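Q: Spelled out from the first residue to the last, the chains are:
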Amino acid sequence: MTSGFKHTLMEIMDGSPNHVASRWVELAITIVVLVNCSAVILDSVPEIHAVYKDFFHELEFWSVMFFTTEYISRVWSLGAKYATSEGGSWKGRRQYIFSPFGLVDFFATMPYYMHIFFPYLDLRILRVLRLLRILKLSKYNTALQDLFQAVYSERQAFGSAVFLLTIATVVSASLMHFAEGHEQPEFFGTIPNSIYWAIITITSGYGNVEPVTKAGEAIALITGFLGLCMAAIMTGIVASAFSNQVARKKAAFEAQIREIFSDGVVSEEEKETLKRLQAHYRLTDVQVEAMLQRAQNKTAIKS
Amino acid sequence: MSTSKEKDQFLKNLNVEELLGRQEVEANISKDLPMRKWLYAWLLDPNIPGNYQKSLDKWISLLIIANLFSLMFEHVPAVFEPNQLKFEIFDIFSVIVFTIEFVLRLYLAPEDEEFKARKHARLAFMKSPFAIIDFLAIAPFYLQFLGVPLDLRILRFLRLLRILKLFRIIIPAIAEFKELNKGRSFRQKVHALVFPSPFGGTAQVIFEVCIAVWVLLSVLAVILESVHSINYVLAMQFVVLDAVAVGIFTIEFFMRIYASPEEPGFKGAVAGRFKQFRSPSTFIDFLAILPFFLEIFLHHLIDLRFLRVFRLARLLKLTRGNDATATLFRVIKREWPMISSAAFIMMLLVVLTASLGYLFEHEAQAEKFDNIPNAIYWAVITLASVGYGDISPVTPIGRAMTTIMALVGIGIFAIPAALMASAFSDELAKERDALKANLFAILKDGHIDEKEALLIRSEAKRLHLTIEEVNALIENAVKEHELEERNPWPVHKIAENPELAVEHFKALLGQIRQLGVHTDRGEFERLAADKHHLSEHELDLWHKIQNKSS
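Which chain is which? The protein sequence lines are S and Y, in order.
Taking the working numbering as reference, the numbering of the first sequence is continuous, increasing by one, and the terminal residue is 303.
Taking the working numbering as reference, the numbering of the second sequence is continuous, increasing by one, and the terminal residue is 1550.
If you're looking for bench data, these hints aren't it; they were derived computationally from the structure.
Certain hints may be false.
If we take Cβ atoms under 8 Å as the criterion, some of the chain Y residues that face chain S in the derived model are [as the list claims (entries may be wrong)]: (1) Ile1345; (2) Ser1385; (3) Ile1412; (4) Leu1419; (5) Ser1422; (6) Ala1429.
Given the structure is predicted, the values throughout are model-derived calculations rather than measurements.
Glycine included, every Cβ here is placed at the ideal spot set by N, Cα and C.
Based on the provided sequences and hints, a complete structural model is requested.
A: Right, here's the structure in full:
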C-alpha cells in the first residue's frame, strides 16, 4: 500500500503526464518560486523593506516550509524508483540528492536554516542564495538543458571562438597596458584591469574609461572593431547551435511521426504517444499539425 | 516517353512572366493615329491596358485630397498667416492642373464612348454632371481674375466643391459595388464593404485607404500634440480631429462587428461576433477607440489623461491585411515554446548576474548597487550589450564576474533573433513546399488552365516570389515528379545525376525502415542471426538504420 502511494507520489513529483495532479504540483512550485524571487528582489529596496518587513518574513517562513515539504517528499518517494534487486531505495534517493536539481532544491531551503543556526551571517549572501531558487524552475523548462546540449554539440566551434577571443583580449589588453599604464594607472595600471577594459569594450562598452594617448586611441579603435567581429562570431555560433538543437528535436519527432504513419492508420495508443512526445519536445499544435500533414502527404504519394 | 517529350516541350514554352501577370504591358497604340485619337488612347481610354489612364486618375485624386487639406489649414490662422504665399502658389498650381485636365477632356470628348454618338459631342460633354463639377472646381479662380467681386468666404466655399471631383472615382466604384452585390442582404453588403471579399471591388479598397489615411492623420496629430509650441496654437483643431477620427473608427468597428457573421469561420449571431471581437485585428480596433470613451465617461472619477498615449496604438490598425505582420504573429505562435525557453534562460541569466553584482558591489558603491532592482537594471544593460556606463562594477571580483557574464550574455541574448530568423525562413520554406505540391498537381496534366494560373499568380504574390524563384520551383517540382515515376528510370540512369541519387537513397532507406516497422522484429532477428541469411556486418547496418528512426 505504502509502496503504491510512494510510487504515485514519485510520478507526480516527476511531472509524469499520467496524473492530473502533477500539473498542479508543477504550477504550485512555479508560482511559489516566482513569488519568492520577486519578494527577495523587492525586499532589497530599503523603502519597501521598511513597510513590508513582517510580510516578507512571513512569506519566507511559509515558502521554506513549502520547499522543505517538497524536498522531503521527493527524497522519500524516490525510494520507489528502483526495486531492491536493482540497488534498493537509497539508489534513487542518492541519484536525486547529488543531481544538479537535487542540489538546487537543497540550497533553496538551506539558507533559512543556516540563518537560524548562525544568526550573524551576512544577510546579503543569504539573499543571493535565496535568489538561486529561480533555478528550480529549470526542472520544468528544458531550455537550459537544450542550451547546454547545444553548446556541447558545437564545442569545437566554441573552443576556437574562445581561443580567438582570448588572443584578441590579451593582445589588446597588454598593448593598452603599455600605452596607457602610465597615464591612467587606475584603469590600465595592471594587466587584469586592462583585460577587464578590453572585454567590456568588446561586449557592451560602458564608455567610462577612455584612452588619452594617441597610441591608446588607435588600440581602442582596433579593439572595438575586433569586438564587433568577435561578438558576431559568438552570437552566430550560439544562435545556430540553439536552432540546430531545435531542428534536431523536430527531426526526431518527425521521424517518429513518419513511423506512426507508415502503416496508414493512427491507433488510440499511437495518439497517446504523439501527445506525450509533443509535450516532451515542446512543440506547438501548429507545428505538429504541419508535420502530420507532411507525413500524410508522403504516405499518400507512396501508395 | 512521347508524353514526357510533350511535357518537356510544354514546360519549355511556359512563359512564367505571363503566367504571373508581371509582364510590363506595352500599350499597343499605333503612332499613325490622328492626334486626337492618339491622345485619347494614351490618356483617357479605360480599355487599353498599359496606357496612362490609371495613373492620371491616381495623381488627380491625390491632388484633390491635397487641395482639401490646404483648404482645411487655411482656416487655421496660425498655419495660414506665415505661409500665405505657399498656399497661394499651391492654389494656382492646382487650378492650372485642373484647367489642363478640363480642357483636355473637352478636346477629347468626341472620342469618348459616351459622347461619340451625339451630334455635338463637346456640348453633350459640357452638360454631363462630371464636366459641370470640373468646371465649378476651377471657375471661382477665374471669376476672381475677371474682377467679379467675390467674398473670400464664398470663394472658399466654392473651392470646397473640388471635393466633388472625387466623384469621378467614387461613382464608378459605387456602381461596381452595386452591380457586384445585386440581390444580397444589407448585412452582406456591409460585409463586402469592410472585409476583403470577391464582392468588394474598388469600393472596399477606397474604404481601406480612407481608414488608413485617418489612422495616419490621427497618429500624426497625437505626435504633434506633444510638442508644446504646436499644441498651444492648434489645441482646438487637435480635439476636433481626434473626435472625428474616433467617430470614423467607431463606425468602422461597429460595421465590422455587425457584418462579421458573414465572414467564413465566424458563424453565429452572437458567437461569431464575439469571436470576431476577440480576434487580434478587431481587438486592436477596439483599443483604438477605447481611451476616448473611457475619458468621456469616467473623467469625473479618475484622471485618465495618461490613456491618451495609447491613442498611438491606432497605428496598429494598419496591420490589418498586412502579410508581414500576419506571418510574424504566426511565426511567434508557432515558435512560442522556443521563444519562451529563450526568454527563460535570459531571465535566469539576468537574475544571476544581478544578484552577484549586488553581492560584490553593494559595499563598494552603495549608492549605485543599493538594491536588487537597480542591479537588475545594470545586468540587463550590460548583458544586452547596451552599456550606458552609468553603473559599472569597481571591485576586482565584481569586474571578473562582469567579464564572464558579458561574454555569456552576447551569446544568450542573440538566441531570440536567431530563432525568429530561422522560424521566418522555415515558414516561408513551408509555404513554398505547399506551392510546390500545388505546382506538381497542376503540371501533371501538362497544361495550365485559367483557374490554375490564377492560383499560381495569387500564391506567388502572397509569398513575394520573383519570376526566377517560380521558375526554380517549377523545375524542382518537375524533377521530383520524375523521381516519383521512377519506373522508366533504371539505377544507372539515376546514378548519373547525384541529386537524384541522394533522393533515391533516401527513399530506399525509408523503405528499409518501413520494413522494420511492419515485420515481426523478434522473428526477423532470429532468422537474420543465422549466418546464412545475413552477415554480421549487414545485421549491424540493419540495426543502425532501424535505430535511427526510433
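Q: Next, verify each hint and record whether it holds.
A: Hints and how they fare:
1. Look at Ile1345 of chain Y: its Cβ gets to within about 5 Å of chain S, closer than 8 Å, so that hint holds up.
2. Hint on Ser1385 of chain Y holds. Least Cβ distance to chain S is approximately 4 Å, under the 8 Å limit.
3. Given hint, Ile1412 of chain Y at the interface with chain S, holds; its Cβ is 7 Å from that chain's nearest Cβ, closer than 8 Å.
4. Restraint check, Leu1419 of chain Y versus chain S: the minimum CB separation of about 6 Å is within 8 Å; hint holds.
5. Checking Ser1422 of chain Y against chain S: minimum C-beta separation of about 5 Å stays under 8 Å; hint holds.
6. A hinted interface residue such as Ala1429 of chain Y counts as satisfied when its beta carbon comes closer than 8 Å to some beta carbon of chain S; here the least separation is about 11 Å, so the hint is violated.
Hint 6 from the earlier list is the only one contradicted by this structure; the remaining hints agree with it.
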